[in-house]
Every structure is written in C-alpha cells, then in structure tokens.
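S.K.: Residue numbers (this note's numbering), protein chains in the order written: chain A, 749 to 1243; chain B, 749 to 1243.
Just so you know, the hints here were simulated from the structure itself, not pulled from any lab data.
Just so you know, not all the hints are guaranteed correct.
You can't tell identical chains apart in this list, so a pair holds if it fits in one copy or across any two.
[Said to hold, decoys possible] Simulated pairs of lysine to aspartate or glutamate, EDC-like, Cα-Cα distance not exceeding 20 angstroms:
1. K1009 / D1113
2. K1200 / E913
3. K1180 / D813
4. K1183 / D813
5. K1091 / D889
Nothing here was measured: the structure is a model prediction, and the numbers come from that model.
Protein chains: 2
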Amino acid sequence: MLNDLNMKQRMDKEHWEAVREELQNKLTVLQQRIYKLKIPVVIVMEGWGASGKGGMISRLIYNLDPRHFSVYSIDPPSPDDKRYPWMRRFWMKLPTYGDMAIFDRSWYQELAVYEAGKLNAHEMARRYNQIEDFERQITDDGYVLLKFFLHITKGEQKRRLKTLESKKETRWRVTKADWMHHEQYGKYLQRFEEMIEQTDRMGAKWTLIEANNKRFATYKVFSTVINALNQAIEAKEALAEQNRPTGQIRTSADIVTQPIKRLREVELNCELDEQTYKTELAECKRKLFLLHNRLYQKKIPVILAFEGWDAAGKGGNIKRITQGLDPRGYEVIPVAAPSTLEKNHPHLWRFWNALPRDGHIAVFDRTWYGRVMVEHIEGFCTQAQWERAYDEINRFEKQLSQWGAIILKFWLHIDKEEQLKRFQVRQNTPEKQYKITDEDWRNREKWDEYEKAVDEMLARTNTRQAPWMIIESNNKRFARIKTQKAIIQAMEDRL
Amino acid sequence: MLNDLNMKQRMDKEHWEAVREELQNKLTVLQQRIYKLKIPVVIVMEGWGASGKGGMISRLIYNLDPRHFSVYSIDPPSPDDKRYPWMRRFWMKLPTYGDMAIFDRSWYQELAVYEAGKLNAHEMARRYNQIEDFERQITDDGYVLLKFFLHITKGEQKRRLKTLESKKETRWRVTKADWMHHEQYGKYLQRFEEMIEQTDRMGAKWTLIEANNKRFATYKVFSTVINALNQAIEAKEALAEQNRPTGQIRTSADIVTQPIKRLREVELNCELDEQTYKTELAECKRKLFLLHNRLYQKKIPVILAFEGWDAAGKGGNIKRITQGLDPRGYEVIPVAAPSTLEKNHPHLWRFWNALPRDGHIAVFDRTWYGRVMVEHIEGFCTQAQWERAYDEINRFEKQLSQWGAIILKFWLHIDKEEQLKRFQVRQNTPEKQYKITDEDWRNREKWDEYEKAVDEMLARTNTRQAPWMIIESNNKRFARIKTQKAIIQAMEDRL
C-alpha cells in the first residue's frame, strides 16, 4: 500500500511561505478553541528514519501556545518501562482535556521497530489488540486521534542520510541503526504495511503522507489536522446543545464472564472463633511471606482490589494482609474522589499510573469500579460513560492479566443491620469518630440502589482472569481468613 | 565512634513480645495524631548489610495505617536518575504533610557506598552540603527527620550472611557485593563514620543503634521514634495556640549576590524597528538552534525562568525562543497556583519535579519566586516562610548550577501606563479577552507593594550562578531580542 502512493506529489515553491504561514495561523486559532472546549488531541507522527518527522512537528507547533501542548520523543523502552505493561508509558503521556500531545514516534515504532524481532506472532497480535483498546478508549472519551505515516522512498532516504552526514552539525544524528534500517528497507516496508493495515480503524484512521517533497507533506499534514479539529469542534458544540452521549457501547464478545451470586443470596452468618483465627492468621502470614518472596523473584505482579460497603472492614482486612509482607515489595493505594487533574483524563488513567512494578503487590483500597458505582449513582458521569466503563474495565484487567499479573477482586459484604451497628459504634467511640461522615449516612440511604449497581457490576466483570470474590464480612475474623486463603490459593496456582 | 558503641547491649527475651506490642500500639496512636496534625515524618534506616534494616522497618510499620506511610528501597541510581540532580529522586519521595516515608537506605548509602569510589573530595564535600540543604529545608518546613544507623560488628555480619546463605528461601538475598563489602569492613567503617560526622546536626541528628541484638535495636529505634513524634506533636499544638513562626532565618554567608538596578531606575524607552527586529530574530533563531544542538550533545541542561508584570509579554517572549528549538529537547512549564498536593509539600517540591533532563531546556512561565511575591503579598504563606524562602531559593539554584545547568532569570518590566494600555486592548479585543481577569486588575492596584517585593527579590537573589536580567518590555520587539541575545551569550560562554 505504501508502494502505491504517488511519490511524485509536490507543492510549488512559489508562495509557499505565505501558504505555510496561513496554515500555521489557522492552527493557532484552532488550538485556542479546542483548549476552551476541553477537546484533547493526540497526534502520532510515524514514518521512516529521515522522513522529516522532527521538522514536521516543529512546523506544527511553531505558532502554538507552548503551555498547551507537549512533544514526546519515544525511544526504546527503558529497563524501568519494561517493569510495567508496555502501554503504560503511553497512557501516562495522555494530554489533559484541552491540551495536545504530539508523539515523535509512538507505540507503533515500539512494535514495528524496537520490539519487532523479539515478539512472536501471538504476542504481536495481542499487542495490536491492546493498541486498539487504547485508541478506542481515548477516542470514545473524546480525544481526537490523528495518525500520520511519513513515507519516503529508499532512494530519497539514502539521499537524506548522506546529506545529514555531510554536515558537521548534523552528522551525529545519523546512527548505525539508521543505515541498518536503510539496508533492510524492504523488510521494514512490509512491517510498516502490516502495522498500518492492522490498526486502520474508524476514529483512528491512518493518514499516509507522501513525504519525498517536504512542502507537499507539510500541506497534507496541516490540512488533515485542521480539518479534524474543525470537525471535532463542530461535534462538541452540537453535543453541548443536545447533550448527546459520545462513544459507543461495545459488546465484549471476547470477554467471558462467569456466573456469580447476587448479594441477597449470600449467607452472612459465617463465624470463626478467636483461637482458630489466631492460629490460621499466623499460618497465612507465614505462607504469604514465602509466596511473595517467590513471586518477587519471578517478577510476577499481584493486584488486589478491595471494594465493599462502608464499614465492611476493608482497612482492617488489608492491614492483616500487608503485615506479613516485606514492606519493600508492596504498596497500598487508597482511592478517593479524583483530583482535578484526574478528572481531566480518562477515568482509568490514574489507575494506570498506580500499577505496581513487576514482582510487587499493589493493594487498592477502593478501585476503578468507582465509575460504575458511586459515580454512576451520584450522577458524576453520564450514562454513556458508565455503561462504556464495563467494557473498558474488562479490557483493562485483561491487559493486566496478559502482562502476567495475578488479579483478585474482593467485595466485602455485610448486611444493612451490621452496618448500622458499626456506624453507631463509630459515632459513639471518640477515637473512631473520624471514620464516619455524613456522606456515609447518605450512602446508606441509597442501599438498595447501590445493591442493584453492585450486582450488575459483579455479574458483568467477573472474569476468569480477574475474578470477584464475595467475602462475608459480618464476622471480621472469618472475612480476613477467607480473603487471605483466596490470595494464597491464587499465588500457589500460579507458581 | 561506631567502634566506641557498647555492642553488648541486649534486651531480655522474657516479656519481649508484650514490650514490642506495646511499642507498636503506641506508634499506631501517634501515627493517627500526626496525620491529623499534618506533621510529615521522614525516617532514614541506614546501616551495614545484614544489620536488619528490612526487619526493623517491618516491625515499625506492622500496625500502621497503610494509607499513610510509604517505604522506599533505595537502589543505586538508574540511568534516568542520573540525568537529573542527584537529590531529585529523594525530593520526589518526600511524604505529603501528615504522612510518613521510611527509607530503606537513602542518600547516605548513595554517597557512602554506591558512588563513594567515583567522586573526588570536592564533589563529596558539595554533596554533603546538598544533603545539609535538603535536610534543613524539610525540617524548617516542619518535617520530623529521624536518621538511624544500624551498627553490627564484623563478626556478627559474617554470622548473619552465613545464616542467610544456609537457607534455601533466603540464599538469593546474599550477593557478591555483600561479601565484598564484608571483606572491606574497615574501609566502609571509616566511610560511614565520616558520613555520620559530616551530617550530624541539630534537627537532623543521627541515632546510632547497637544492632547485634535485634531486640535491643528494636527497642531503641521505637523509643526514639515515639519520643520524637511526641515532641513534634507537642510543638505543633503549642504552635497552633501561639502561631509562632517555625524555622530559622539563615544567613547565606556562602551565597554571594551581585548588585542590580531597582525597577524605578530602569529606563524603559528602548525601541527596535520592525525591520531590524525581523533580521535579528532570524539570526538569533539560527544561533539558538545550533547552540542547543551542541548543549544537547554535551548534556548541559538549561533553565530559563520568566517573571514579570501581568501583560509584560512573557508568553510572546517565550514563544519566540521556542520557535527555533527542536521540540524534542525543550519543555515549557506554565506555573499556576499550587494544587492541593503541591500545597502539602515544601514549596520547592513541585519545581524539583519539573526539572529538565540533562541536555534539555526548561522554560518556566512564572517560577519558584511566587513564594516571595504573590504568596507573600496575598498572605498565602507566613512571614517566616517567605523570609526563609530567599535562602532556600538561592540554595536550590546553587544546586542546579553545581549540577551543571545554565540558569537565567528574566524580569519582564513595563511601566504602569503601558500595562493599563495593554489591559484595555485585551478587554476590547474579543479573542484576547480570555487573557484578562479581575485578578489582573486587583494585582494592578497593588503595584507599589509588588514593586517593593520585586526589588527585594532581585537584590537578594541575583547571584552569579543564577543571575537576574531586567528586560525592558514596553517595546516587545526590543524585549524579545534582548532576551534571546542574553541566552545566546550565556550558552556561548559555557561552550
């Protein structure tokens, strides 16, 4: 397909300066508008070595307000990057709503060049799926995504590398790798074509740029960007008027859920006496410590997600788990309402940011399920957003599992009477009063609504790779031991 | 001094469990209190290999609320760490007010073990000074800093390494480096002693722990922590009543400032005609691009700090600089009011976070001088805080300069009439209205107050390593060219 491009395309030199200036000015005005409308933009600049990616980016940003765009130069992943799911570093670079991020090379270069030789077909296919997830989630979320591939012919590439080498100031920019890639032009052509074919989709289309002639390339890139921004602005303004939902609800054919009890079916009168509890807790602690040690050496990450009713005992349960662990190998992540910065990103962004490194255990005290529970019920997000969230969450967890993580999700369940009892104790015990707020009482009034949402959440996100476990927590001792045994079981199964 | 410790100290095994539990419970209660009082705590756990640092930390955190402490294991600096000032990674790990950070090894291990052989005496002395700055700034800011050194004898170390090696589960934890260090026990003893001697100061005292006996060591560490927290709580509560300023104003004998004009002495009627401007701008752009290229190769970082009156033209000035640069080598950092997270850290924390990597240019659109200007005048910080800030800022910049950075600070100066003219234009031009707010008008009313604060700021922080330059900005063309020429000059001087 790249070979089919008409590489003879060119723009006249005459009047070019004026044309370019006009394009740049148009873009400047559009930048202000997308900033005000809070439309985020991601521009991917891919292409051959010496195809002019850097210069193109310079021209794009020439007249832009530097406070509202960032340029990221994507080198091969660092050793630290490699301790996380590979897409994490790109997630972390997503611009805030209203800002623009320009990628000088991207996840595509990583796949087609940096890692290409090292990954088998199965892993490659997986990664293409993960790219699809990423791009779909951000475009559903309102991001404008523009992907450019700057194509030059082999002859042109040779000419350019030679020119760079001939000048003192630019010689250092030509590396051995550049010449190696040049010699294997054919092989890379095939890889690039495959990459483009696999990832050319609605909302995330590629624009191929005939870049032998710089002026033509510049004209085409600018026109495409200007066009896309105009469309996005129009869509957003129309949306504001009609409050139409964005994003499509996607059916998750490849996500298989497993049956799980509804909350009302859960038998809560489980008991565990103090003596048995102490003995079992000590035994669990010993096992957890040793298992974590082995997981650490094998670099297997563990993600433990805690949700549950207010006062169900999340804090105490988590503490009993971490007490046995080496403090250098785990983190507890308390999840509160999102900050302003977090609200100006896709809802999963902050959880990508909180992932453990391989070999570490991350314990989430509340989780990414906030969107389908509190945010849904309190109206902090639109219906389209929380409905879409089920699929986004399932895919997020799938990706973590493909990375190699052990994922367990716990719903700490108590009944309404038990909650009342605990609330009252908190109210009446001075050193516990800080644990109870008016909000807790307000949430309690919506118990039935929450129960319905939780049932739906459990049913729609109970997958094999990231199963839910309902923990009967009227008796705290029973709850803690059940939780720990489940964790131990999952770790042993893996090792 | 380590050799003088009485290494025979021990605690009886009898009742030990009960004693330890009591200590842990006391600490739990204290943790809740420091959290409520927003007292941040930094605990440094240093010591020999196999001296029990990890176990000690486990016992410390055993019963703590995991949402309010973090444990950091400090390995040798990564390649990425090495692209920043060496203390940056520790600055970045400072706990939020009310939280606790426990360092398993720290900046001390980095100096005395990881980097010791590689640094000359001059650089070592510098780094000790930088440690002093860091520790003084955070304790002035209200952090409780506790530094422990776990000392064991050579014989005891050997026994412990052998024991670790004898068990299958722990064998992997003993490395070649551990045995190498053991063999050079004498050399490291000397280094550790020097390190302790150099950095044992009021407010940042070392506590040496006789750690041959684990129970004794545990008892001493816990008692010290409990004691210090109690004192800090008492001090903070007394403070709340009397609103006494914390921290001492430090005289900066080693910071030399240079004379600079007062704002009223600055002649503002500088002019530059359009044609000369265009020619000079093009020439500056060419030079800047080439110079940046060379700085990039030599890995020299550049920090450009912009302050000035509202509407003085910071944005336009900055844009003219960046337009000539390779977008992959610079960042513009717009500085707004601090976020909640930033407010819960020392005021310089967010600027440490925004430092460029070596070879990059960071352009700050407003800076760390907010504390002595807007925060001072609007009463967002106490008098003690902004008075202390002059010294903190000078030391911050000194450290950046020692790291190798070129630092230039620009005050964009206009007079009151010019500001009024520009405000009115903004008010009356629809596409510029977003640039003018009520706050701008309010600030304008305080012009004289600001002028006084700026004069003091310029006088007290105009150092050789980080000079201020007053840019006459009534004429924007003149201002831009003067700024760029100054940058070019500084770069050429360095190369």
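S.K.: Are the hints correct? Go through all of them and say.
M.R.: Now the hints, each set against the structure:
In the homo-oligomer, the alpha carbons of K1009 and D1113 never lie at most 20 angstroms apart, since the shortest distance is 23 angstroms inside one protomer and 56 angstroms across protomers. Neither within a single protomer nor between protomers do K1200 and E913 lie at most 20 angstroms apart by alpha-carbon distance, with minima of 67 angstroms and 55 angstroms respectively. In this assembly of identical chains, the alpha carbons of K1180 and D813 lie at most 20 angstroms apart only when taken from different copies (13 angstroms versus 50 angstroms within one copy). In this homomeric assembly, K1183 and D813 come within 20 angstroms of each other (Cα to Cα) only across copies, at 12 angstroms, whereas the closest approach inside a single copy is 46 angstroms.
Taking the shortest Cα distances, K1091 and D889 sit within 20 angstroms of each other inside one copy (12 angstroms), while across copies they are farther apart (30 angstroms).
Checked against the numbered hints above, the structure violates hints 1 and 2; every other hint is satisfied.
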